[in-house]
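Undergrad: Here's the letter readout for the chains.
Number of protein chains: 4
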Amino acid sequence: MVFRVGIVGASGYTGGELLRILANHPGVEITYVTSREYVGKPVHYVHYNLRGYYRGLKFVEFDVNGVSRNSDVVFLTLPHGVSVNYVPKLLEVGLRVVDLSADFRLKKPELYEFWYGFKHPYPDLLSKAVYGLPEIHRDELRNTGLIASPGCNATAVILSLLPLAKTGVVDLSKVVADVKAGSSEGGSKPSQGSHHPEREGAIRPYEAEGHRHAAEVEQELTYLTGSEVNVTLIPHAVSSVRGVLTSTHLWFKDYIDDIDLMKLFVQTYSKEPFVRFVKTSPPGYPDPKYVVGSNYVDVSYAVERRVRRLTVFAALDNLMKGAAGQAVQAFNIMMGFEEGLGLKYPPLKP
Amino acid sequence: MVFRVGIVGASGYTGGELLRILANHPGVEITYVTSREYVGKPVHYVHYNLRGYYRGLKFVEFDVNGVSRNSDVVFLTLPHGVSVNYVPKLLEVGLRVVDLSADFRLKKPELYEFWYGFKHPYPDLLSKAVYGLPEIHRDELRNTGLIASPGCNATAVILSLLPLAKTGVVDLSKVVADVKAGSSEGGSKPSQGSHHPEREGAIRPYEAEGHRHAAEVEQELTYLTGSEVNVTLIPHAVSSVRGVLTSTHLWFKDYIDDIDLMKLFVQTYSKEPFVRFVKTSPPGYPDPKYVVGSNYVDVSYAVERRVRRLTVFAALDNLMKGAAGQAVQAFNIMMGFEEGLGLKYPPLKP
Amino acid sequence: MVFRVGIVGASGYTGGELLRILANHPGVEITYVTSREYVGKPVHYVHYNLRGYYRGLKFVEFDVNGVSRNSDVVFLTLPHGVSVNYVPKLLEVGLRVVDLSADFRLKKPELYEFWYGFKHPYPDLLSKAVYGLPEIHRDELRNTGLIASPGCNATAVILSLLPLAKTGVVDLSKVVADVKAGSSEGGSKPSQGSHHPEREGAIRPYEAEGHRHAAEVEQELTYLTGSEVNVTLIPHAVSSVRGVLTSTHLWFKDYIDDIDLMKLFVQTYSKEPFVRFVKTSPPGYPDPKYVVGSNYVDVSYAVERRVRRLTVFAALDNLMKGAAGQAVQAFNIMMGFEEGLGLKYPPLKP
Amino acid sequence: MVFRVGIVGASGYTGGELLRILANHPGVEITYVTSREYVGKPVHYVHYNLRGYYRGLKFVEFDVNGVSRNSDVVFLTLPHGVSVNYVPKLLEVGLRVVDLSADFRLKKPELYEFWYGFKHPYPDLLSKAVYGLPEIHRDELRNTGLIASPGCNATAVILSLLPLAKTGVVDLSKVVADVKAGSSEGGSKPSQGSHHPEREGAIRPYEAEGHRHAAEVEQELTYLTGSEVNVTLIPHAVSSVRGVLTSTHLWFKDYIDDIDLMKLFVQTYSKEPFVRFVKTSPPGYPDPKYVVGSNYVDVSYAVERRVRRLTVFAALDNLMKGAAGQAVQAFNIMMGFEEGLGLKYPPLKP
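Protein chains in written order, with our numbering: chain A, 1370 to 1719; chain B, 1370 to 1719; chain C, 1370 to 1719; chain D, 1370 to 1719.
Treat the hints with caution; some may be incorrect.
Because identical chains share one entry, a pair is satisfied inside a single copy or across any pair of copies.
[To be verified] No more than 27 Å apart at the CA atoms, straight line, and that leaves these computed lysine-lysine pairs for BS3-like:
1) K1488 with K1477
2) K1648 with K1622
3) K1476 with K1497
4) K1427 with K1648
5) K1535 with K1648
6) K1543 with K1622
7) K1488 with K1535
8) K1535 with K1558
9) K1476 with K1632
10) K1543 with K1648
11) K1622 with K1713
12) K1488 with K1458
13) K1648 with K1410
14) K1713 with K1648
15) K1427 with K1458
16) K1410 with K1713
17) K1497 with K1477
18) K1427 with K1640
19) K1632 with K1410
20) K1558 with K1622
21) K1632 with K1535
22) K1458 with K1476
23) K1535 with K1497
24) K1427 with K1632
Hints in this document: simulated from the structure, not taken from any laboratory.
All chains should be modelled from the sequences, with the hints used to inform the complete structure.
TA: Here it is as structure tokens:
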């Protein structure tokens, strides 16, 4: 069975990554790609890597009728605050939707005002959307028509905390997630800060007074633990292109010995197709370099008993498990495909 | 039909890349991997990216009986001058061999003394080996048991010159191939020159008095044109990790107009599955960045009429079309598989 | 007045940086450089950048008589645990010593066993050595013959915490310093982890169970505050060459308003020649990229009131304010020179 | 004696580099800096590295009266075709001018139409301007009021060819200069091609149908040899930030032995303060990495006798000897200062 798939906002990095993944997906035919800037241009005009793929497919301007006629499912890779206006229309004409923006991730409408600066116009839809993290919401994904695909940093932080969340051994009121991210996380639009001479060699905090992916992390951990959780995210730009590492620092409340700690990670992830627990050396700890191009997230931890400090790590490719890869994984579940379909490429090394 | 495949020298970068490609190849089961340094270690101990693949497969010490019992076909990724001693034994016990060293690439034994500093011990085998460049030797590859897989720089230079080779419009006695290569071309062994603080930001000529891939280029171009060809290669280390760009500078002997020049490239490569002709903008010219992780080689050219200069460009991923990818492409042809089997991953961008 | 200066361990990165700085220092003549590996080679054989400087100066094997005859002052850039055996002999023959190892930084001998794994053979000398951080120990530096130059990460963490240390507004029992460091921090010796293909693009925790620079930070903060302080350092390798950013995360104990917080930083550093407070945009926060090649450390902070979290940042060039630059600054104070002599080069951009 | 210096176009990379160099120049006081985009902002608002320098100095809009009142000498770092309109006015009011654009480099007005696409409005001024390459025009620089500072790529190509130019041993009708350049060569303005995710890891030809710095190279070599010279330049973007390497490929016409060839380079440059001949290993050949931050240009060559090929190399920092550093060197000569004043910082390593 082959579904017709449209991508709205297909000229950015996440759109390109969806096209890259889906080029070999046996259950998908890409029928519709939109871009305001590149209307009429072929796909490879923007995505040079895809020269030779999608011959004849050209970018068009978004149009509800167009997308509805041509697609069964739509992926949206639009900015926050824009997606929210498209999704209801697409659902209305009967399409299934995978939204990669933040616009349907949070359950409490008031959080949109606090973190994103707009009043959410469709609060009822928030409860219908499923947060597209298969490791937590796999069953709900099977029965939804609207996936809110998680943020890249949030995915990493949540998955590294997941094994500990319900144990009570760590203090979840003081959680600091120190994020290091490659330049592709900022998107395909040039700016002063992403200008190569300025960005290469940089190690630069940004949005350091609180990154909004904290809202997703707090929501999901609260959902899992049943009690309030406080998480603060501080992102840093480093000079990789693809890749995010999150180092989430916690303080122990109770004692847990080494074996039990390791068991928590091993057991949580032993059956997950895209989470790998990295504890043995080398390289010792997760490094996003070794998941580049793949849908894996590598997780681990380090303990400093002297001061009762625990750090959990997660490494992922921000365009894959952090965006397009995860969206396809959730899409596969929603459509009844095998979860890893089209996602089985091993990462690159070196 | 599934063949049992062994890899001799599987802990280096090319070995790792073969493992990465073949992990999803439906006609291959990896049964045997050798490494002197890592005997007894699992594959992911060296190739961190492959954690979760090849569970249970461990490196062993090379042994003719071992490989013969366990394999139908063997890939060798050994240093020049080492491979030459293994290949005859492997052929003798009935294995088919893909050798990724230079040891069987050249037809004239005396060239080994000049370029590689050793007297070739098996000159008779040289004529039996097929130079594994499908774009020139596809038919011979169908009927061989020994493939000599080309060098990365040589592949790029040859494929960029191929459309012009037989035309007579350029002077093939004065050909300068200026090569720019990423650090993975130097292999997985640390050295002073490849130490990150020294290599990052470098633009550094090496082996600038003549790189030995010139021998392969001259051999293949002479084979195509029937007359003597002189090519000089000057490699430069730049701070990419994967990727080679060759800029091969030539002087026009005769006039050819723009349309005819373009036709030469279009026609030569219109049916080749892994050669892409890049002439329209953007990005204007080939850039290895946009073939990373794939088996493509992107080719093009630029003409400066004022001085009758032509430069032909080729960009490839040195571990893929420059090594492991090309070896699998030739292997597919030899074994009767579809030529692109296991090689259809699009490149990454960005 | 010109002092004769020897450098023991002059072929490493810190030795090279001392030579680079001192090449233009009007109060210094370099008379003696040692290296076991490069005996007999000229300085530029190792430090290619210094071709044309120090003509005639060659590396010799270390020898107490040699250094004593040729020098008034000696800089030591030797590994931890090695320096400790040289320093007493150099002091004995009347030389003044600037030791860049950790061997005389800590006041409590037992900490060497815990953090460095050796019993300190000269505990009496520990109290005589001055921790070479001018911002804390300027006066003592004027009257010492033995400077223990601080570690790079420790310098950054201490200087970012200094304005807050005595205020009581933050909880100094739970301090997490998340360190991001370029590859030159690992020294000039090639290794698997620093091999360019593996290190470029990496974001990789190391020594994540507790980095020993924590001992220096705790010592100095305890010295300043008079009460016990707990700091944990978690370093990460990123793909810069030069540069360290430390993001030190704290929790507020008491309320302090924005103006008062800013005043603490402004007042602490208004007269310091090499500490710059970076609060206005752009670039918003310190980035080691913009101190490369100089002795500056840029400091700042970010507050997330919602969760009572404060992060203090410091950015420095690990070879300058993190090593050789700071050593020369302390040397200048010890010798009675103007503190910034030879150190006034502005950083590079881009 | 201290001259008042203005910089027109001071917010770009070359302007910033002039400010960096001149911050420590004892014969210069910066009195006037212009920028259309940053009027009213302090210098460090743009040049973050210069925080703490030039306190109180702010960017102003260009105005002839303003600059004339405040300056004795003016540096112009404006785009080609813009400078040409400012220079005559500045000369008229009695200022001495160092122009870093191409607008006064070429002696033949018609070349501006061919290479730069505009008819030169002041052809008479072309003969008055001195091409600011001290290694060729040192004497003329002492007596001029208008310096046309050379292009970065042209400087490298000319200085590597200089030792051979008059010998007659190479064929100067077929000279290919293959240029590899870091991203800062493209200036401080963000663009798609310089966006970090696209530029990092790139090896990309541009302006490959002939780069206009060829005009300068041909002019200067013709000036030296008295006969026509044909040079073609093909630049390539690589992922360094600072640094250019030119590999200029030539064919021998006559025999010259190794000793005589080396003598040509040694003798040509033995007294030049900023040209270093790099022939011994390591690192074997020039690498711009080891001149970063300094005014040096490192030159060398490699010979492949088999095919009668010679390649000459030059490595420089495009913002220093390729732009601001060279401009200050020429300025020093014009003003009667010691030639290296303010330029004696050794390069960085690593």
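Undergrad: Run every hint past the structure and note whether it holds.
TA: Against the structure, the hints:
1. Taking the shortest alpha-carbon separations for K1488 and K1477, only the intra-copy value of 11 Å comes in at or below 27 Å, while the best inter-copy value is 58 Å.
2. Only within a single protomer do K1648 and K1622 lie at most 27 Å apart by alpha-carbon distance; the minimum there is 23 Å, versus 35 Å between protomers.
3. For a Cα distance limit of 27 Å, the shortest separation of K1476 from K1497 inside one copy, 9 Å, qualifies, whereas the shortest one across copies, 62 Å, does not.
4. Taking CA atoms no more than 27 Å apart as the test, K1427 paired with K1648 passes between copies only; the shortest distance there is 19 Å, against 46 Å inside one copy.
5. Within a single copy, K1535 and K1648 get their C-alpha atoms as close as 21 Å, which meets the 27 Å cut-off; across copies the closest is 40 Å, which misses it.
6. Taking the shortest Cα distances, K1543 and K1622 sit within 27 Å of each other both inside one copy (11 Å) and across copies (13 Å).
7. In this assembly of identical chains, K1488 and K1535 lie within 27 Å of each other by CA distance neither inside one copy nor across copies; the values are 33 Å within and 43 Å between.
8. For the homomeric pair K1535 and K1558, neither the shortest alpha-carbon distance inside one copy (40 Å) nor that between copies (44 Å) is at most 27 Å.
9. Taking CA atoms no more than 27 Å apart as the test, K1476 paired with K1632 passes in neither setting, with 32 Å inside one copy and 40 Å between copies.
10. Proximity of K1543 and K1648 under a CA criterion of 27 Å is satisfied in both settings, with 25 Å inside one chain copy and 26 Å between copies.
11. For the identical chains of this complex, K1622 and K1713 are neighbours neither inside a copy (39 Å) nor across copies (49 Å), given an alpha-carbon limit of 27 Å.
12. For a Cα distance limit of 27 Å, the shortest separation of K1488 from K1458 inside one copy, 18 Å, qualifies, whereas the shortest one across copies, 57 Å, does not.
13. In this homomeric assembly, K1648 and K1410 come within 27 Å of each other (Cα to Cα) only across copies, at 15 Å, whereas the closest approach inside a single copy is 47 Å.
14. Only within a single protomer do K1713 and K1648 lie at most 27 Å apart by alpha-carbon distance; the minimum there is 22 Å, versus 32 Å between protomers.
15. Taking the shortest Cα distances, K1427 and K1458 sit within 27 Å of each other inside one copy (23 Å), while across copies they are farther apart (52 Å).
16. Proximity of K1410 to K1713 under the C-alpha cut-off of 27 Å is restricted to the inter-copy arrangement: shortest distance 24 Å between copies versus 30 Å within a copy.
17. Within a single copy, K1497 and K1477 get their C-alpha atoms as close as 12 Å, which meets the 27 Å cut-off; across copies the closest is 61 Å, which misses it.
18. In this homomeric assembly, K1427 and K1640 come within 27 Å of each other (Cα to Cα) only across copies, at 23 Å, whereas the closest approach inside a single copy is 40 Å.
19. In this assembly of identical chains, the alpha carbons of K1632 and K1410 lie at most 27 Å apart only when taken from different copies (23 Å versus 52 Å within one copy).
20. Within a single copy, K1558 and K1622 get their C-alpha atoms no closer than 44 Å, and across copies no closer than 41 Å, so neither meets the 27 Å cut-off.
21. Taking CA atoms no more than 27 Å apart as the test, K1632 paired with K1535 passes inside one copy only; the shortest distance there is 14 Å, against 42 Å between copies.
22. Taking identical chains as interchangeable, the C-alpha atoms of K1458 and K1476 lie at most 27 Å apart only when both belong to the same chain, with a minimum of 20 Å there against 66 Å between chains.
23. In this assembly of identical chains, the alpha carbons of K1535 and K1497 lie at most 27 Å apart only when taken from the same copy (25 Å versus 52 Å across copies).
24. With identical chains, the CA atoms of K1427 and K1632 are at most 27 Å apart between copies only, with a shortest distance of 25 Å across copies and 50 Å within one.
Hints 7, 8, 9, 11, 20 from the earlier list are contradicted by this structure; the remaining hints agree with it.
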